[in-house]
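Chemist: Using the sequences and the hints given, assemble the complete structure.
2 protein chains.
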Amino acid sequence: MSAIEINPPISIGIVLFPNVTQLDFTGPYEVFAKLPNTRLYLLAETLEPIKSDRGLTFLPDTSFAQSPPLDVLFVPGGPGIDAKLEDKNFLDFLKTQAQTARYITSVCTGSLLLGAAGLLQGYRATTHWLSLDLLRLFGVEVVPQRVVIDRDRITGGGVTSGIDFALVIAGELFGDAIAQSIQLGIEYNPQPPFNSGSPQTAPEAVINSVKAASQNRQDTRRKIIQKIVAQ
Amino acid sequence: MSAIEINPPISIGIVLFPNVTQLDFTGPYEVFAKLPNTRLYLLAETLEPIKSDRGLTFLPDTSFAQSPPLDVLFVPGGPGIDAKLEDKNFLDFLKTQAQTARYITSVCTGSLLLGAAGLLQGYRATTHWLSLDLLRLFGVEVVPQRVVIDRDRITGGGVTSGIDFALVIAGELFGDAIAQSIQLGIEYNPQPPFNSGSPQTAPEAVINSVKAASQNRQDTRRKIIQKIVAQ
Numbered sequence: 001m002s003a004i005e006i007n008p009p010i011s012i013g014i015v016l017f018p019n020v021t022q023l024d025f026t027g028p029y030e031v032f033a034k035l036p037n038t039r040l041y042l043l044a045e046t047l048e049p050i051k052s053d054r055g056l057t058f059l060p061d062t063s064f065a066q067s068p069p070l071d072v073l074f075v076p077g078g079p080g081i082d083a084k085l086e087d088k089n090f091l092d093f094l095k096t097q098a099q100t101a102r103y104i105t106s107v108c109t110g111s112l113l114l115g116a117a118g119l120l121q122g123y124r125a126t127t128h129w130l131s132l133d134l135l136r137l138f139g140v141e142v143v144p145q146r147v148v149i150d151r152d153r154i155t156g157g158g159v160t161s162g163i164d165f166a167l168v169i170a171g172e173l174f175g176d177a178i179a180q181s182i183q184l185g186i187e188y189n190p191q192p193p194f195n196s197g198s199p200q201t202a203p204e205a206v207i208n209s210v211k212a213a214s215q216n217r218q219d220t221r222r223k224i225i226q227k228i229v230a231q
Numbered sequence: 001m002s003a004i005e006i007n008p009p010i011s012i013g014i015v016l017f018p019n020v021t022q023l024d025f026t027g028p029y030e031v032f033a034k035l036p037n038t039r040l041y042l043l044a045e046t047l048e049p050i051k052s053d054r055g056l057t058f059l060p061d062t063s064f065a066q067s068p069p070l071d072v073l074f075v076p077g078g079p080g081i082d083a084k085l086e087d088k089n090f091l092d093f094l095k096t097q098a099q100t101a102r103y104i105t106s107v108c109t110g111s112l113l114l115g116a117a118g119l120l121q122g123y124r125a126t127t128h129w130l131s132l133d134l135l136r137l138f139g140v141e142v143v144p145q146r147v148v149i150d151r152d153r154i155t156g157g158g159v160t161s162g163i164d165f166a167l168v169i170a171g172e173l174f175g176d177a178i179a180q181s182i183q184l185g186i187e188y189n190p191q192p193p194f195n196s197g198s199p200q201t202a203p204e205a206v207i208n209s210v211k212a213a214s215q216n217r218q219d220t221r222r223k224i225i226q227k228i229v230a231q
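Chains as they are written, first to last, in full-length UniProt numbering: chain A, 1 to 231; chain B, 1 to 231.
Think of the hints as simulated: they come from the structure by calculation, not from any bench.
Note that this is a predicted model, so its numbers are computed, not measured.
The list cannot tell twin chains apart, which means a pair is met if one copy fits it or any two copies do.
In silico PhoX-like cross-links for lysine-lysine, where the CA-CA straight-line distance does not exceed 20 Å:
1) Lys-51 with Lys-34
2) Lys-223 with Lys-211
3) Lys-223 with Lys-88
Modeler: Structure (structure tokens):
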């Protein structure tokens with residue numbers, strides 16, 4: 001960076017992996033991509049197309065090896081985290097970037113990857129409601145809120161929380177007026193047709209069906225994390 | 001379709017084009033992809049990668065020529081609509097599919113494409129708040145609501161309304177319990193950090209800045225639509 005660059009762009013890196021939940025990062029992407037003087041990186045181990053957990057396929061633009069130092073490190077979640085929880089190269093990339101990043105952030109179960117990289121120990125943080133107890137295993141002070149800020153760590157809850165999370169970051173980086181302009185541009189004036197977006201408000205039968213459908217995945221994930229933290 | 005298939009999957013087709021606003025369809029995608037007995041198609045004129053207006057690049061999976069008849073025809077919006085408003089092949093695809101679709105739907109300025117295809121004349125419908133007056137030019141009864149249902153037409157407002165829109169469609173197709181389970185799975189319990197998501201609530205300075213930034217695009221779009229409706 002030469003001295004002539006008074007205001008170099010802010011670099012935001014979105015860390016992708018196979019079987020990521022696409023809305024975990026496409027929500028924040030829409031907000032981040034509208035920030036002024038910002039360069040977004042879609043990072044992955046290679047430039048091969050990345051298939052999300054439900055099939056949507058997109059192209060990363062920068063490999064881990066090519067990544068510049070990031071101002072904002074952002075890790076989304078999804079079923080694909082299980083394979084990355086024990087992936088040394090992947091976790092090393094997070095650790096290296098975290099040494100210089102201004103903000104170390106995640107949405108949904110991306111916080112479990114930050115946890116596995118040792119980046120949330122002793123911090124207040126959140127994750128998807130189904131994985132709150134798993135995040136605690138990494139020595140995290142788990143807070144069941146939509147967006148949690150603790151020093152330079154900013155974490156969001158499940159999937160759609162990424163939009164709230166990204167607007168919080170937009171406000172932190174560029175002030176309220178920029179964040180509000182982006183909110184208006186994407187007409188983020190949510191009106192869910194049901195009141196079922198949280199285990200605090202959803203009908204019990206709905207909660208039970210979602211828990212039952214995820215039971216095997218959560219059991220597998222718990223075993224992986226218990227093995228990691230026992231090491 | 002053979003007589004042995006008692007319950008053939010519901011087919012939902014997402015119609016893509018260059019410079020689409022990715023969150024217009026990635027929000028609905030996350031909901032639709034979790035529906036039971038449903039086949040999702042990411043449709044485009046060719047299978048070439050599609051670059052969104054802010055750079056995120058996706059792979060469509062089915063060309064228009066290969067598309068089966070769709071139960072749900074869904075058109076997202078974005079700056080790329082301007083090039084499609086006068087694209088006969090593109091509009092012919094919408095018209096052909098609309099003849100047999102159970103639901104003809106859009107989010108954001110996708111409704112202008114439905115309008116250009118003559119599919120919203122005499123219907124109540126909505127679009128992104130900046131384009132409400134343009135939608136009216138197509139003979140639409142414009143309703144500034146988040147999601148508007150009129151017979152088999154279901155339209156959503158700007159960008160993030162797609163999540164509300166898709167949950168409404170999930171409820172229509174499969175009942176409330178399925179839609180509620182999906183809402184809980186994606187933790188759609190929105191908590192915007194600002195109250196700036198609608199021109200009814202945003203500060204005036206924020207509204208003015210968003211209007212100013214979009215003025216050239218909206219002027220160009222108005223001229224295109226005025227030419228179309230004069231023909």
